[in-house]
Structure formats: structure tokens, C-alpha cells
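Asks: Here's the letter readout for the chains.
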Amino acid sequence: MTRRWSGLAAFLVAAPVLVGVAYSLFASVGLRGGSGGFSAEPWTAAFADHRLVIGLAWSLWVAAIATAIASLAAILVATLFRSGTRSSGVARFLAVVPLPLPHVAAGVLGVLVLGQSGLLARGAFLAGWIDQPAAMPALIYDRWGIGLILVLAWKEFPFIALIAFSLLAGRGKSLEEAARTLGAHRWAIFRTVTWPVLWRGLAPAVVAVFAFVTGTYEATVLLAPSDPLALPLMTIERYTDIGVASRAEAHVLVLMGLLAGLGAVVLHEAVRAWDRPSA
Amino acid sequence: MISMPTVARRGLLPILLLSAFMPLAILMLVSVGRDWFFPALLPGTIDLTGWRTVLGSGARLRPALIASGVLAVATGVAAMVFGAFAGSAIASARGWRRVVGAGAAFLPVAAPPVAVATGLHATLLGAGLGSSIVGVFIAHLVPACGYTTLYFLGVFTVREGGFEDAARTLGAGVLDVIRRVTIPMMRRELLEAVLLGAIVSWGQVALTLVAGGGRVRTLPLEVMDYLMAGQDQLAATGSLLLAIPPLIAFGVLRLALRNVEMVLP
Amino acid sequence: MTEALSLDAIAVNFGTMPGLADVTLTIANGERVVLLAPSGAGKTTLLRAIAGLEPVLSGCVSIGGRPVTNDPPESRGAVYLHQTPMLFPHLDVAANVAFPMRLRRVERDVTARRVAELLASVHMSELAGRKPGSLSGGQRHRVALARAMAAGPRMLLLDEPLASLDPGLRQEVRQVLARTQLDGTGMLIATHDLDDAVLLADRVAVLLGGRIAQVAPAAVLFRTPATLRVAAFLGIPNRINGRMERGVFHSALGQVPVRDTAPDGKTAAVFAADAVTVARSGERATVFGEVIEVHSHLRHPSIIVRCGTVALEALAPRPVPVPGTTVGLVIESSVIHLLPGGDDA
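Chains as they are written, first to last, in the working numbering: chain A, 1 to 279; chain B, 1001 to 1265; chain C, 2001 to 2345.
Everything labelled a hint here was simulated from the structure, so no lab data went into it.
In this text, all values refer to a predicted model and were calculated from it rather than measured experimentally.
Glycine is no exception: its CB is placed at the ideal position from the N, C-alpha and C atoms.
Any given hint might turn out to be false.
Which chain B residues stay away from chain A? Per the calculated CB distances, all over 12 Å, these [to be verified]:
1) Arg1034
2) Asp1047
3) Pro1063
4) Ala1067
Computed from the model, here is a short list of chain B residues facing chain C with C-beta under 10 Å [said to hold, decoys possible]:
5) Asp1165
6) Arg1168
7) Leu1170
8) Val1174
If we strip away everything but chain A, and leave its shape as in the complex, we get:
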């Protein structure tokens, strides 16, 4: 019945993205936006600009660390609080509360808490570690992106934790019980049962979070430094620039960002294929 429409549905939902990517492809080589014909100029100019390469690397760095922190925290919480323990329901609820919080609000919180005159700094002052705001190490607008990493990790943690809880409550639980009745100790259970279940189940989510964080704008614009400039910020900056050449470079950056995300997915698939024989 509705089977026939699945092709049309798939097309409609994906078309805007595909059209957008196609447009970016054309525009990045000068075939759109009135820049007068094919030219590899935007690409060469973009890569000649050190700031771009550094900015891209910076975004990837922030995404990797934030994703890693969120994932590890999620695994820790889900493993310790999996269903059956007394506080598991409470822990799960608490872990998930920040999930619907908009990224802009998270960014605002980052400034309020991690800023040099923020709550953390005031706590440090109370503890006697600093005597004025300027003495507080910069956690936001800083070269390493510490504040941004922390905020993003905190925002993405609920999503991964939710999946981890669900994985452990489902198949994972029965596998663990089977292992326990066979006499396995806690650490052995974790190593041979819990970890593989989590790893396989979370991998897609972790990859998705990584790709998302690489390109996310809202928290980045509020917490990231202007040098190095993060990828999404660079993209918007060039896109809203008046010069036509900048527009084309913006599209180069868009494609770079998409490639990074695609690369993560490909890497995930490659690791999964390599891992499959032991499944």
C-alpha cells in the first residue's frame, strides 16, 4: 500500500540536504553566486589560509575530547547505575534532565559559571586560590577551548547515557546474569559482557555526537575564542561577508565540515567491519 511512496518520502526528506550539498559543491568552484565561471580559486585560497586548517583541526580536537568525556561519563554512570540497583531510576532521570536544554542556554550557563568573574571563579576566590578575576585561568574564549569542551560534554552526556542505560537494561542485562550464574566476578563481567555490548551499541551514537559537535554553532559562538576560529564560526563569518570570493570559500568550509562528519561515519563502519568476526 504505502510501500510505493517510500521512494518519494525518502527523496523529499533528503532532498534539501542533497540540494544544499550540491549547491555548495558548485559554489565552491565558482559555478554559482555570480563569481564568473569555474575556478579552483576558493579551494586554493582556503587551504592557503593557515587559519582555516588550524580552525578545522581545532574543531575536530574540541569534538573529539568532548565526545570522549561524554561517552566515558555515560558508560560510567550507566554501568554503575544499571537497572536493578536501588538508585538506578533516580540516576537515569537525573542524567537525562539536561537533554532538552537548548544549546544557547548551555552556552549562557558556560559564560555564567566558567567565565573569569563567573561562579567558579567566585568559588575559587572563596577558597583563597585567587584574589581577583584576572588571576582566574581563562576557561572560555581560550586557545584550548576548555570551557567549550566541558559545556558540550555536559550537553551530549544525557543522549549517550540514555542509550547506554537502554542497552544495559535490554540484552545486556540477561547476558550479565548468565555470566554471573557461571561464576564470573564483577570486573570479568564488565570486560567480557558489559563493555562489548556498550561498545557496539554506542558506537553509532558516539559517531553521531562527534559529527554533530564538530559543526555545532550555538554553544561555539558563545564560548569559543576568535583565534583559532572554530569551523562553524569561520563558515558563518565568510558566508555573511560581503565579498563574493568569501561566499565561495564558505562553501568550501561547509564541504570540509561535511567531509569530517562523513569521515567519522566511514571510520565507524570500517571498525565495525573489522570487528565483526568476533561478533
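Chain A is fixed; fit chains B and C onto it per the hints.
Replies: Structure of chains B and C alone, referenced to chain A:
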């Protein structure tokens, strides 16, 4: 002897508690606090000037709030309708068609909004919709429809299609089945999809900025402006306005207990 | 008077793979036919194809004398009942039964009267205001049946109606099905359960290997199965390969006298366990053998006797012989059914 995991659990619970409720508490405190300077841990005075400024008539937040609300409702409803049809269509497909369909629905969810927006903007300009709220609505629809399609894909995959079959052989035509069986049975899911689409639209920044050309002002954009201008109190107030509806909607949806396959960063 | 259902050389796929081919069957008004087949043989696919929920590759489906092969499900006049009753959860029992009539815009008072009638006929009148979720399995089946009748169908297609029920409930629902008034309607019940075939059917259609292997009343079916495969499926234990020569059946059992006739050549003989009895003293045995198994816990105790290379199942005499005893067996020649061609049939 208390085991190590129990100790760890006892240590982690307070941290989780803080992580869940401190942020809202901080925002609330900042929004009503005045004369709150370094190094004070609590504000000097508590009053509602911040709220009055933000919500009072003539405040520039009002039109942004309304714009956000209208966009959210419109996006939610439109995305729900699209997602219901698309999701059920893909759910009834088998084999490679189904994989392609699911991947297609995942595309607008996974693609960074900046990327989607830049490509979309040119099309909108061409259609004369650049820098208009209609253009922003269309831009918001892109990820929202992806989310709702994935949601309904999950719903229809798990659901038994037997009810529709039974209704058909009892004499109901295709439209009758939708009207008398599918929709009444799925009232809750339809509402959840509207809320999902609305939440996606409500928090959008990059799409609004690019597709709206900076001219369409929504609540998150105003909050960002407040913060970047150093107006912390107004930013916190705006953040609460921004954060509370999704939190309530989330509570209503009880998404935490449902279909985890949904992607909701 | 036109038939309720007529299938002419129907071919249906299982998904993308070939499934049923050349299915031909007619069902008369008021007739109950059981479609008997092992699990996975395609009963559901066939029923759904008749209902219009699956496409038919070739052949013709006629319901009430009208060809409906290209018609959508809602206009065929055949109601398909799923194994688990699909009662609409958002409607109560009465509204569920009224559903087909509301679709056809029947007036409210006419509908109400008919609903009351139908509910009474399945003994569900007191539960008219209940929601389906609060009903038991047997009650749900009854409501589903009443709802199906409310659509005034020419054909009722029941897919394994007793499969998900406990034995006690099975009896209850079986009775409901057996007693339903079928004026102008035919009933096709798909099942793999032999008891259903015996207790419910006017005729039984055996579906094996993607085709209708035999259509006959149950008694005829069990006495004279059309092929060895049908006999095996029906659980007829004694199936002997051999040859016919001038009216005598030759096999590993030696020469066995038969009443049934078959042309000379390769032949198989099938007969039930109750055709074989242990010879009493003075009786002439057809064949001798050693008892290897005793099944004394069954309703009709039986013994398995090895006669050379063949194992025969026979009725156990009193007292039941122990394994190892040599016995003489008498095979009732009038009950032996011959299948020309043997296992090529």
C-alpha cells in the same frame, strides 16, 4: 564492608543531582539577581526588573518570543504531518529500500545546520523568500521533518499493521482507515511528533541566522545578543524562557522512557 | 445460487519468492472449509490474497459469483480475521461491532438493533460497553466474529483462529465457530491442527507443496488420502511401498490381499493403525513381526511391530504385549487404500 561500586554510586549521585538542577537554579538566580558582582556568591538584591525588561511591552524580546512560538507550532504541525506519511511509507518498505529510506531521514538530522542553511539559502533567495519568516520556517522544516520521520519510522516498525488490514476487509477504504483507525489509535504519537518538531525549531540558531539573513529575530538569537553584549541578567532571563518550554514538553513526552533510537542532541 | 468463493489457478508469491501455484478451490454458501497445511506452507498468504491484502500473480478470485481479482480489499465482500483478534482499542465492544455498518452509513437505530442481535448470537451482550483491553482471549474472538458478520460478508477468512488459545478456550471458540449461522456466507478456516479439521469442517482442503493436494470431507480424507505426502501429513502411520500385480499387493510384507483396485505397477498402500490388529488364536495372520514399541498411555493404545524391514503400527490388544514378543498381525483388507505410482504420486 561497602563495595566499591556502592561508594562510587554514592559519590556520583550528588554530582548527577547538581548536573540536573544547578543549571536551572543558576539561571533563575541570575535572572532575578541585581548588584551581583564578583566575588559574591549570591546576588545583592532580588527583584524582577530583569523579567520586566525582558517581557514588558516595547521590549525587543516580545516579537522574538512570538516569532519563535509561531515558528515552533507551525514547524511542529507541518513536520508531524510529513513525518507520519514518510515514516509509515518507509516502515512498510523492505530490504534496501528501507535502508535507503532510513538513511535519507537521517541525513537532515545529521547534517550540521550551518551546512544545510548555506545550501538552502540560495534556493530561498531564488524563490524570493530570503530573509523572510516563511524562508526560516522552510529551513526549520528540514531537520524537523528528519526527526519526525525517524520517530514515525520507529513507531510504525513496532506497531502491528493488522488493525488497518482488518479495517480494510471490513469495508473501509484507504481514507476511512486513516480517519477512523490510524489517527484515533495514534493520538499520543501525533502529539509527541508535534512537540518534537516544535522543540527542533525552537532551539534553532544557525538555520535562522543564515536563512533569515539576520533579519528574522527569534528568541535564541536575542538571548545570544544579550550575552555577547554583556547583559548577563537579561541573557539568563531569556535563557529560562528558552529552556522551560522544551523541558516541560520533554516531561510531557516522557521521552526518557520511550524509543531510544530517536536522535535528540 | 452462486458460490461464496471460487479460486481458479491462483498463484501467489511469498514476498519475492515463488510460493503457491495453481490453487483451485470452490466453497459453497453456508459451507465451512478447513484449509489444512503445515506451518509456513502459505495458509496466511493465500487467505490474505483472497482478501485482497496480497497481490495475486495469476488466476482468478471470485466471491459471491463476482470476479474480484483486481478489486481493493474493501469491496470484495470477504472479511479477513487475524490470528489475534484485531479489535480497535479506541472503541468499545459495541462500537467495534458497529464499525462496518458505520462505514456503510447505516442508520443508527438499524445499526443498534443489528449490533444487539450479533452480540446476543455470540453471548457477549452484557459486555457491550467494555473496552477490548479488558476482555479475555475467547471473548475477543467472539467480538471479532460478530464484527465480521456485521459486514455482511460473502466469505469469512479465519487465519489460525485457535492457535493462540489455551486448550480449554480452544473448545469454546471452536463451538462458536461451529454454531455460527452462515446464511449466504462461506467460511474458510486456515489451521495446521488436525482436530480442527475433523471437528469443524464440511470439507477439508489440504495445502502441501504450494498446491491444493486434496479436497474432501474429513472422514474421506483420512480413509483415502490422495498422495503419500498427504497421508504423511495426516499422520497415517502405515505407508508401504510396493507393487501391484494382478490384483495382489506385493511388498516387503509379502503378499497382502486388498479390496481396493489399482493398475499393475509401482503402488503404495496406506492404512491407519486401527486397520491392523493382533491375530487371536485361530485367526490367520497376514504377517508376523516383533513388538518394538508400546504406546499404552494414549487414548487408543497402539504398538509398533517390526515385520522384516517394515514397521507397522497396530491397535494394542488386551493384555498389552511386551516389547520383544512375536505377534501375528491381521490387516483389514477393505481399509487398505492404494496409491498408484507409489511415492511418485
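Asks: If a hint holds in the structure, say so; if it does not, say that too.
Replies: Against the structure, the hints:
no.	hint	verdict
1	Arg1034	holds (15 Å)
2	Asp1047	holds (19 Å)
3	Pro1063	holds (18 Å)
4	Ala1067	holds (15 Å)
5	Asp1165	holds (5 Å)
6	Arg1168	holds (4 Å)
7	Leu1170	holds (5 Å)
8	Val1174	holds (8 Å)
Every hint, counting from the list given before, is met by this structure.
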